[in-house]
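Start from chain Y and add chain W with the ligand according to the hints.
These protein sequence lines map, in sequence, to chains Y and W. Numbering follows the working numbering, with no gaps: position 90 of the first sequence is 90. Throughout, the working numbering is defined as the position within the second sequence, counted from one, plus 1000.
For the record, the hints were derived by calculation from the structure and aren't laboratory data. All residues carry an ideal CB built from backbone N, CA and C; glycine is no exception. All clues stand as given, with none of them false.
Derived Cβ-Cβ restraints for the label pairs, each shown as a range:
no., chain 1, residue 1, chain 2, residue 2, range
1, W, 1375, Y, 224, 31 to 37 Å
2, W, 1532, Y, 27, 53 to 59 Å
3, Y, 54, W, 1018, 53 to 59 Å
Below, each chain spelled out in residue letters.
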Amino acid sequence: MKILVTVKRVMDYNVKPKVKPDGSGVVTDGVNMIVNPFDEIAVEESLKLKEKNGGEVVVLSIGTKDTTTQIRAALAMGADRGILVLADGSVDPDAAARLIKAVYEQEKPDLVVLGKQAIDDDSSQAGQLLAEYLGLPQATFASKVDVAGKTVTVTREVDGGLETISFDMPGVVTADLRLNTPRYASLPGIMKAKKKEVKEFTPAALGVDIAPKVKVLKLEEPKARQAGQKVPDVATLVGKLRNEAKAL
Amino acid sequence: MTTRESRCVGYLFSDRSHETIMTPEMFTAEQRALFGAVAAFTEKEVVPRRKEIEAKTPGLMAALLKKAGGIGALGLDIADEHGGSGTDKTTSMLMAESISREGGFAVSFGAHTGIGTLPIVFFGTDEQKQRYLPALATGEKLAAYALTEAGSGSDALAARATATLSADGKHWILNGQKQWITNAGFADVFIVFAKIDGTQFTGFIVERGMPGVSIGPEEHKLGIRGSSTCTLILENVPVPVQNVLGEPGRGHRIAFNVLNVGRLKLGVFAVGGVKSILRETLPYARERRQFGKALIEFPLIREKFATLLADLYALESMGYRATGAIDAYTAETGKGMEALEELNIESSILKVFGSELLGRAADEALQILGGYGYMEDYPLAKVYRDVRINRIFEGTNEINRMLVPGVLLKRAMKGQLPLMDAFQAASASVSLPEDVVDRATVQARTLALILTGRAAMQFMQGLEEEQEALAALADIHQAAFGLDSVRRRLVQADNQALHLPLARAYAIQEMDRLIARAGRFALDLGGAELHAELAPLLAPLPVSRTAALREVATRYVERGQYWLGAGTVA
Ligand SMILES: Cc1cc2nc3c(=O)[nH]c(=O)nc-3n(C[C@H](O)[C@H](O)[C@H](O)COP(=O)(O)OP(=O)(O)OC[C@H]3O[C@@H](n4cnc5c(N)ncnc54)[C@H](O)[C@@H]3O)c2cc1C
Chain Y
1 MKILVTVKRV
11 MDYNVKPKVK
21 PDGSGVVTDG
31 VNMIVNPFDE
41 IAVEESLKLK
51 EKNGGEVVVL
61 SIGTKDTTTQ
71 IRAALAMGAD
81 RGILVLADGS
91 VDPDAAARLI
101 KAVYEQEKPD
111 LVVLGKQAID
121 DDSSQAGQLL
131 AEYLGLPQAT
141 FASKVDVAGK
151 TVTVTREVDG
161 GLETISFDMP
171 GVVTADLRLN
181 TPRYASLPGI
191 MKAKKKEVKE
201 FTPAALGVDI
211 APKVKVLKLE
221 EPKARQAGQK
231 VPDVATLVGK
241 LRNEAKAL
Chain W
1001 MTTRESRCVG
1011 YLFSDRSHET
1021 IMTPEMFTAE
1031 QRALFGAVAA
1041 FTEKEVVPRR
1051 KEIEAKTPGL
1061 MAALLKKAGG
1071 IGALGLDIAD
1081 EHGGSGTDKT
1091 TSMLMAESIS
1101 REGGFAVSFG
1111 AHTGIGTLPI
1121 VFFGTDEQKQ
1131 RYLPALATGE
1141 KLAAYALTEA
1151 GSGSDALAAR
1161 ATATLSADGK
1171 HWILNGQKQW
1181 ITNAGFADVF
1191 IVFAKIDGTQ
1201 FTGFIVERGM
1211 PGVSIGPEEH
1221 KLGIRGSSTC
1231 TLILENVPVP
1241 VQNVLGEPGR
1251 GHRIAFNVLN
1261 VGRLKLGVFA
1271 VGGVKSILRE
1281 TLPYARERRQ
1291 FGKALIEFPL
1301 IREKFATLLA
1311 DLYALESMGY
1321 RATGAIDAYT
1331 AETGKGMEAL
1341 EELNIESSIL
1351 KVFGSELLGR
1361 AADEALQILG
1371 GYGYMEDYPL
1381 AKVYRDVRIN
1391 RIFEGTNEIN
1401 RMLVPGVLLK
1411 RAMKGQLPLM
1421 DAFQAASASV
1431 SLPEDVVDRA
1441 TVQARTLALI
1451 LTGRAAMQFM
1461 QGLEEEQEAL
1471 AALADIHQAA
1481 FGLDSVRRRL
1491 VQADNQALHL
1501 PLARAYAIQE
1511 MDRLIARAGR
1521 FALDLGGAEL
1531 HAELAPLLAP
1541 LPVSRTAALR
1551 EVATRYVERG
1561 QYWLGAGTVA
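This is chain Y alone, in the form it adopts within the complex (with noise of 0.2 Å):
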C-alpha cells in the first residue's frame, strides 16, 4: 500500500516561545525546530503499516527550504521519499489541505496520515478539512489502526472513551497521543536518508492560492500571573476572596 504522510517544522516544545516585539509571530531566530510530535507519531505508524503490508510511504511537508531537515528526519526513521511544498510565511490550515490536496492527486495513495494537530497552533483542522475537500472518508484521533485488504479499523479517543470504526481504502487518518511510541532514527538511516529523492514544488506549480483565509492580527503574551499569597486560615481566605478577587 502506499501511504502519504504529512510532518510539520515547529518549534521545539523545551523552548519556551517568546512574543516578537512587534506582534507580529514568535521569535524563531536561534530557535530548535523539530518534527511536530504528532507527526512523528504518524510517521511510525506509516512505517509500521508498510512493514507490515508492504508499499511505499511518501513524507510530505509545507514550508520553507529549511523544512528538508524535517523531511529527512521522517527519511531517516524509514519513509521512502520525500516532498516538499516550498512556502514562505503561515501557511492556515484550509490552505494546507488544498495542498495537501493537490499532492494526493498526483500521488494517489491509498491512505493519507496527519498528525491530529500541530503543537504551535493548535488548530487540528487540516487532515478533517482535507477528508472533505477530497471527499474521503476519514478517522480523526487514532489510537490504533488496522488494515485488512481494503478495509482499515480505527479506534479513536473520543470524549467518552474509544469508538471503533472502519473504512474501505482510500482514506484520512488523524494520529492521536497513544497511537505507538515513534522509533529513533538509526545512525545508517540518517546517512541513507541524504541519498533519498525530495522532490520540490511551489503551490502555484499545485494550482493553489495560499493567501490565507485567516488573518492574525497581533500576537501578545497573556498577562503575567499574579504571585499567590499564603493565607493563615479559612476566614481570611473567605474575606480575601469575597472582597479582593470579588469571587464570593
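Coordinates of chain W with the ligand only, in the frame set by chain Y:
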C-alpha cells in the same frame, strides 16, 4: 587558495594562514542530525537510568550498549563491508560528545567502541574483521581491552602475561592476569597483550568462552561505578594462532595507536561532559536564592560559569580542529591510522586539558550547589567522583604531558618537522598585534618556540630526564594550541559576534596561566636574564579580565545555554 589543515602542530607555524581548520561551525546538516539522534538516545535511555546504572543493575549496561548498537552508534568506526557505517573521525567524535552524559556509560561505550574495537579495525586481518566486526558493530558482542597488570600500569610494555606456542603449533597458550579491565564483567571479546616467550610483546584476540578464561569480582571504585571493572584471568588459555593481532612482537604498535584515539576521544568526551555539567547547574543557580537574590546574580557565581565556558570554547575548538586534520590527512593519503599518529601530540594535549577542565567543571559546579552539591541526592556529587578517572587512564596526565615535547622534538630531530628553523627564527622582539586574541596567540606561539628550542639546546639528550621541564613545555604548548585554535575559529566564523566574548575571555585567562607557567620555567631554565629577554612575551593582556568574563556570563544567562558547537542551532 585555501587548503584544509592536515598535519600536526599547525599552531607553531605562523605561515599557515592559507589553511583552514575544521571548526564546529562547519558541521554538516547530516552530522548535526546524527548528533541530535544520539543526544536524544542518551537523554531518553541513559540519563533517566543514572541511579540504576550507578547501582550496577545486572545486565543493564550490556543492554544499554546493545541498544546503542541498535541505532547504529557502535559501528561508526567500522567500515560498511563489516557492518558499520564507516564515518570520518569528526563524525565519530561528535557521537562521543553527545553520548557523554553519564560517566559510567560513557566509559563503557568508549571502551567498547574505542580500545575494544579499534585494534581489530586497524590491525585485524580480513578474516578477523569478517569474524568479529559485524557483531561488535551491532553490540551482539561486546569488547574490552586488556593491557594493564598489577605490576605494569604506565609502564605497560613491562607486562608479564606470556604466550607459548603449543606443541602442535596451532595455539598460543596464554597465561597471566590483566587488571582493571573495563567491560570485563560482560565482554565477549578481549584484546589481550602478552609476551611471546616472555619477550615479544604481542596482541591477541581472546574470547570469553575459551577454556581457561575467567573473570574476577567487580572492583569497588571511587566513581564511574556503573562501568564494569574486573580482572581478566588467563590460565593456559589456548588461543588459535589465527587470533594473533598484527605481527608477533609488534603489539606496542597496537597499544600505542589505539591510545592515540582514546586520548583524542577523551578530550571530546570532556566537551560533552562539561556541557552536561553546565546544563545541570544553571537551573539550580537560577532558582536558589540567598540574601534575596538568585545565585546566578552574584558576580562570583557568574565568574565560575564564564571561566568554564571560555575554556570549553577552547577545548571544543582544539578538539574538532584535530579531528578535522585527521580526516583531511586520511582523505589525502588514505591512511587513517597514520593520521591518528600524525596528530598524537594534539591528542595528548586534548587528553590533559580536557580531563583537567572536566575536573574543574565538576568541582566548581559542586561549589555552586554548596552543601546540596555535597549530598548524593543531587547529581553533582556523583559527577565529581566520576570525572576523576579521566586524569588517570588512557595514559596518566603526567605521561601525556611528557609525550608532548618528547614526540615533538623527536620529529624535529628526524627532520619531519621544520622546527629547528622556527626555533632559530623565534624572537622576543616579534611585533605584537593590537587585538588581544591575536596578541595572545603570537605571545604563546613565540614562547613555545623559544622555550622548547632553549630547553632542547640546554639539556640535549638529557631532556628526557628533566620531567619538570617537559611538563612545563606541555602546558606552554597547550596554551599555544588553544589560542591559535580559538583565533582561527574566530577568524573563520561567519557570525563573529557570537564568538568574540568567549575568544577574548579565553585569551585573557589563558595568558594569565601561561605567564605564570612560562615565566617560572624561563627563570628555571635561564635565570633572570632569560626572563628579562622574554619580558614582552610575558606581559599580561592589557585589558580587564573581569569585564571580559562578565560579558560571557551575561550572554550565557541571556541565552540559557552554551550557544556554539554541536547541539545548538546552526
Ligand atoms: C576505572 C579504571 C578502568 C581502567 N580500564 C582499563 C582497561 O580497560 N584496560 C586496561 O588495560 N587498563 C585499564 N585501566 C588501567 C589504567 O590504564 C592504569 O591505571 C593507568 O595506565 C595507570 O597505571 P597505574 O594505575 O598502574 O599507575 P602507575 O603507572 O603506577 O602510576 C602511578 C603514578 O606515577 C606516575 N608515573 C608513572 N610513571 C611515571 C614516570 N615515568 N614519570 C613520572 N611519573 C610517573 C603516574 O602518572 C601516576 O601519577 C583502568 C584503570 C581504572 C582505574
